[in-house]
Amino acid sequence: GQQVMQIPQYQHVQEGEDFTTYCNSSTTLSNIQWYKQRPGGHPVFLIQLVKSGEVKKQKRLTFQFGEAKKNSSLHITATQTTDVGTYFCAGPRAGGTSYGKLTFGQGTILTVHP
Amino acid sequence: DGGITQSPKYLFRKEGQNVTLSCEQNLNHDAMYWYRQDPGQGLRLIYYSQIVNDFQKGDIAEGYSVSREKKESFPLTVTSAQKNPTAFYLCASSIGLAGALFNYEQYFGPGTRLTVT
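Chains as they are written, first to last, in this note's numbering: chain A, -6 to 107; chain B, 25 to 141.
Hints were generated in silico from the structure; no laboratory data involved.
Hints are supplied without guarantee of correctness; some may be wrong.
What the hints assert, rightly or not - Using 20 Å as the maximum straight-line C-alpha spacing, the simulated EDC-like pairs for lysine to aspartate or glutamate come out as follows:
no., chain 1, residue 1, chain 2, residue 2
1, A, 29, B, 62
2, A, 94, B, 129
3, A, 94, B, 39
Quick caveat: nothing in here was measured; it's all calculated off a predicted structure.
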């Protein structure tokens, strides 16, 4: 079945450093979503990418969807302590009995040292 | 305020007991989901529902049951048959189900942390 892998699993950075997490799917995705979960909290939707090669920005966050629509990345410029949390990517499964299901990556846990 | 509520936040049960986790939404969403989250793992889908009185098994449905008698409510019962029930349980809702052509943002509740001893 479809697998979505995220790397790295953990990332520790000093405040002000950049951070990138990568999401790789075993199958082509029609779209991909990113979520952020603060420590002790629940996932919150960040963005959805749909088009091949799409790049979207939200302030210091840059999201990319690969040309082949099998990978995606989230880049944070000049991290702040408020960026701490786990970042998940998620893609819909294709066809048949998989309709309606999202596959989540295992997440990248980001810690930021002040 | 529109949103999803889950109760209780923390739940403790003895092994062998069934327990029901509450999930209510006032977003008028058709689709609702239950996920399980274990440390170091992503979200694993337990059950989901597109419409009242209809629900589908997710990837790890064994030992769990759900009902969808009202659009707003999607309670999850963790039965004694679930071998390792201690986990963080998240309920979510969206306008519609994730599909091949389009996907919908999922709104998550605050979660219930279940501990079974």
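Here is what the structure says about each hint:
Taking the CA atoms of residue 29/A and residue 62/B, the gap is about 16 Å. The hint holds against a cut of 20 Å. Taking the CA atoms of residue 94/A and residue 129/B, the gap is about 13 Å. The hint holds against a cut of 20 Å. Annotation: proposed proximity of residue 94/A to residue 39/B is violated, straight-line Cα distance about 30 Å (limit 20 Å).
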